[in-house]
Amino acid sequence: MTRFVPRMLRGQRSAAAARTRRSGAGPEDTPPVTSAAAAMESTDDQESERRPSPRPKPAVGRPGEGAAPPRPRPADPGAPARGRTVGPGRKVVAAAPRAGSNRRIQAAEAAVVRLRRTAVALVAWILVSGLLGGTAWYFKHQGDIVETARRDALAAAEPAAEAIFSYDYRAFDESVANGRDFVTGKFAGEYAKTTASLEAAVKKERAVIRARVSAKGVGEVAADRVEVLLFVNQYRRNVNITGEKVDENRVVLTMVHVAGRRGGSDWLVAEVVAI
Amino acid sequence: MMAMRSSGSGGSGTSTRSPGSERPGVRRRRAAARRSELERLRRTWLVINIVLATVLVLIASTTVVLGGYAGYSAYREHRIREGHGAAAASARQVVVDFLTISAASVTRDLRQVLDGSTGEFRKQYEAGMSEVRTAVVENKVASTGKVLRSGVVSGDADSAVVLVAVDARITNVRSPKGRKAHYRVQVDMVYDEGSDRWLVSRLEFVG
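Chains as they are written, first to last, in the numbering used here: chain A, 1 to 275; chain B, 1 to 207.
Under the rule of at most 16 Å between Cα atoms (straight-line distance), these lysine to aspartate or glutamate pairs were calculated in the EDC-like manner:
no.	chain 1	residue 1	chain 2	residue 2
1	A	K216	A	E227
2	A	K216	B	E204
3	B	K180	A	E248
4	A	K203	A	D173
5	A	K193	A	E271
6	A	K216	A	E158
Hints listed in this document are in silico derivations from the structure and should not be mistaken for laboratory results. These figures come from a predicted structure and were not determined experimentally.
My request is simple: use the sequences and hints to build the entire structure.
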């Protein structure tokens with residue numbers, strides 16, 4: 001977009017120069033400009049593609065031209081005193097400009113500067129707010145992960161505890177298989193061992209143990225590991241007792257997140273501590 | 001075309017090839033064409049600037065709004081988690097205080113519980129204090145509570161429900177050797193802004 005600016009300015013400048021020339025200031029009366037200024041002006045002319053100039057346009061440009069933003073050049077205030085390359089090595093200078101076109105150029109350049117400043121401020125604003133916003137989103141995301149872990153692990157702990165702490169001598173294998181769905185890791189082996197050692201006693205006593213969770217709360221929470229404190233009641237019936245007895249237990253289940261499970265919860269019991 | 005080039009240097013004589021009489025009309029038309037071309041470019045430039053600025057402002061505003069929302073939300077969640085940590089700590093302390101009492105320090109023990117409580121629980125406890133004091137002194141009761149675990153059931157910014165698994169060793173005139181008791185306690189905690197503390201508003205043993 002900024003590429004348009006110098007063209008416009010150059011176009012105006014050359015138009016002004018043309019008008020000045022027509023006003024009859026004799027170029028012969030004007031002394032030649034210094035070689036540096038003349039060189040600058042001649043390059044300027046070479047860049048100006050819009051100028052209806054018959055001269056072949058040389059491929060050479062100002063060093064860095066194209067990448068550089070269109071800065072107002074130091075020579076601009078006096079720019080309309082232009083040198084023109086007429087023949088090889090010859091330079092002719094047009095007379096002083098009109099004040100009006102000079103003001104228009106300065107106004108346009110000031111507008112460019114203002115726009116550039118606004119753009120820089122906007123980009124800085126985006127970068128800063130993007131950085132802060134990104135950080136905020138990161139923390140929110142982390143918080144959401146932990147919050148989700150807390151909620152899901154708490155929800156998964158209740159059916160897990162009820163399955164693990166329930167037995168029925170009439171369908172012992174089923175009870176064990178039911179509990180096995182909720183365990184993982186080291187505790188899976190422990191659970192298998194414990195239930196195997198219980199089997200004879202359970203069948204002999206014709207024990208039916210029904211576990212119910214009466215309260216549950218969350219202790220330590222991490223994204224993939226949650227400790228859940230449960231108050232578990234075990235309602236026991238067997239041949240040695242009349243009616244039903246209740247054991248009021250306090251149990252800590254360590255729930256871990258197991259990704260990619262089909263069916264059921266992603267949260268499994270990795271450790272059981274009765275306290 | 002050569003006429004244009006020579007326009008500024010007619011007097012030099014080196015490059016004037018076309019007659020001067022053709023020049024004014026041609027130049028006027030070309031100047032007009034250039035002006036309209038400039039006008040078109042200026043308008044394009046303006047439109048591009050407006051569009052770009054609008055897009056930038058929209059992006060920046062969206063970032064600010066979304067970032068602000070995320071920041072506020074994360075901050076709020078952080079505060080709630082921190083609050084629940086404090087609530088659980090207070091709950092454990094009050095439950096220990098509740099189960100720790102002895103004839104020698106009964107007044108101080110009772111006051112300590114009262115200090116950490118509020119609302120309905122405070123009223124009930126206050127009402128039963130003299131009775132408890134008499135029983136403790138008469139039976140030479142000494143009880144020491146010890147928290148094993150706690151867990152947060154639920155809660156929001158200024159309230160929480162906390163489970164506490166607590167044991168107590170209790171001795172009295174009938175059992176001087178003492179016995180160990182296991183408790184399952186649920187407490188309702190409320191945040192007291194004035195003292196920046198979490199207080200117990202309800203305490204019950206879970207069946």
